[in-house]
Amino acid sequence: MNIIWVVLITVSIIAAFWTGGLEAVTRAMFDGAKAAVEISLFLLGIVSLWLGITKIIEDSGLIFQISHAFRPLITKLFKTVPPDHPAITSITLNMLANFFGLGNAATPLGIKAMQDLQTLNEDKDSLTFEMMLFIVLNTASVQLIPFTVVGILSDFGSVNPSAIVFPTIISTVISAIIALGVLLLFRRLMK
Amino acid sequence: MKTVAFISQLVIPAFILFAVLYGAFKKVRVYDSFVGGAKEGLHVIFRIFPYLLAIFVAVKAFQASGAFDLIRQALSGSFSALGIPPEVLSVALIKPLSGSASTAIFTDIVRTTGPDSLASMISAVIIGSAETTFFVLAVYLGAVNIRRTKYLVPVCLIADGVGIIIAIVFVKLMF
Chain A
941 MNIIWVVLIT
951 VSIIAAFWTG
961 GLEAVTRAMF
971 DGAKAAVEIS
981 LFLLGIVSLW
991 LGITKIIEDS
1001 GLIFQISHAF
1011 RPLITKLFKT
1021 VPPDHPAITS
1031 ITLNMLANFF
1041 GLGNAATPLG
1051 IKAMQDLQTL
1061 NEDKDSLTFE
1071 MMLFIVLNTA
1081 SVQLIPFTVV
1091 GILSDFGSVN
1101 PSAIVFPTII
1111 STVISAIIAL
1121 GVLLLFRRLM
1131 K
Chain B
4 MKTVAFISQL
14 VIPAFILFAV
24 LYGAFKKVRV
34 YDSFVGGAKE
44 GLHVIFRIFP
54 YLLAIFVAVK
64 AFQASGAFDL
74 IRQALSGSFS
84 ALGIPPEVLS
94 VALIKPLSGS
104 ASTAIFTDIV
114 RTTGPDSLAS
124 MISAVIIGSA
134 ETTFFVLAVY
144 LGAVNIRRTK
154 YLVPVCLIAD
164 GVGIIIAIVF
174 VKLMF
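If you read the protein sequences in the order shown, they are chains A and B. This note's numbering runs 940 ahead of the 1-based position in the first sequence. This note's numbering runs 3 ahead of the 1-based position in the second sequence.
Derived from the structure by calculation, the hints contain no laboratory data. Watch out, some of these pointers could steer you wrong.
[Stated by the list, open to error] No more than 30 Å apart at the CA atoms, straight line, and that leaves these computed lysine-lysine pairs for DSSO-like: (1) B:K153 - A:K1064; (2) A:K1131 - B:K42; (3) A:K1064 - A:K1019; (4) A:K974 - B:K42.
[To be verified] One-sided excerpt, in silico: chain A residues whose CB lies under 7 Å from chain B: (5) M969; (6) D971; (7) A973; (8) F1040; (9) I1118; (10) A1119.
For glycine and all other residues, C-beta sits at the position ideal for the given N, C-alpha and C.
Only chain A is shown next, with the shape it has when bound in the complex:
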């Protein structure tokens, strides 16, 4: 992330100098700061909401029922997570939310999952393979129906707005598989 940040900032300011958009870039950086506050406030709401709901299912024991049902699937992917760990439930709920395209639930539950995975981490300052796997699966975003996109297409009078659903599902599944492959390849190379 360090390199990327340096590149983004440097390229932006040099390109702005080149194209004469220095003023616009300065304004954009302050806009970015403002956007970060707005997004954080929005996240504060939904993250607290979902942490509240997860606390209810923890206290009622429902969390064990859920993790019990999905344990076989999740432990197959996340091999080092103990079968009764809360991470199983938060990972499961995050994946289900992603699958149904519920971004407002997926992000908070993903944050919870990362924190649950961190409790299993021995070196608190570097990522475990399980965390990387979880993030890669999230950026691949396996989703049933891309509602926003279909909505825009039909707003503009597409003949068949859902025609893109099938190609979207197939390419998202293929790219998720490739993403996993790349992750495994890097793990082997970096050993």
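Given chain A's structure and the hints, the job is docking chain B onto it.
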């Protein structure tokens, strides 16, 4: 399509209702549990905020700098040569950086080229199948305050690139 949309609408309210009723049935003080859990939210956001700030400032500056136009000019020739509408390039470049900006660009493409054009189709599949990688990285890494990310970032970027190529190839084959 309608059924799936309905299920998606139903999933959250049904889950919350079930969680609350199950809790009440198990004699949990549901309200107190909820408040106790929600209290943690503030700590989490406190921790994530600086990461979000860093990424938003950099991404916004990059968008405003005109660097996109320079990259687009450099690449659009080779895109047209391959028979790919050059508009697709904008969506492909911005999707990993910003969700709202890519939706805006997509809407614009649909408006100017029509909802059933090749450009609209490819962009739709790219948006539907890719994720705003930098946002996900900032939020999830921020949540656990981890600095050493090993090989995660290159893996995500390669996966994004491959995903976009797959979307383009697949739509070109199908339509």
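Results for each hint:
About 13 Å separates the Cα atoms of K153 (chain B) and K1064 (chain A), which keeps this hinted pair within 30 Å; it holds. Between K1131 (chain A) and K42 (chain B) the alpha-carbon distance is near 41 Å, which puts this suggested pair outside the 30 Å criterion. A distance of roughly 19 Å separates the Cα atoms of K1064 (chain A) and K1019 (chain A); the hinted pair therefore holds under the 30 Å criterion. The hinted pair formed by K974 (chain A) and K42 (chain B) meets the criterion: a straight-line CA distance of about 24 Å does not exceed 30 Å.
For M969 (chain A), the interface hint holds, the least distance from its beta-carbon to any beta-carbon of chain B being 5 Å, beneath 7 Å. Against a cut-off of 7 Å between C-beta atoms, the interface hint on D971 (chain A) holds, since the closest Cβ of chain B lies about 5 Å away. Hint on A973 (chain A) holds. Least Cβ distance to chain B is approximately 6 Å, under the 7 Å limit. The interface hint given for F1040 (chain A) is met, as the beta carbon of that residue sits about 5 Å from the closest beta carbon of chain B, less than 7 Å.
The beta carbon of I1118 (chain A) is positioned within 7 Å of a beta carbon in chain B (closest approach about 5 Å), and the interface hint is therefore held. With a least beta-carbon distance of about 4 Å to chain B, the hint placing A1119 (chain A) at the interface is held under the 7 Å criterion.
Of the numbered hints listed earlier, the single one contradicted by the structure is hint 2.
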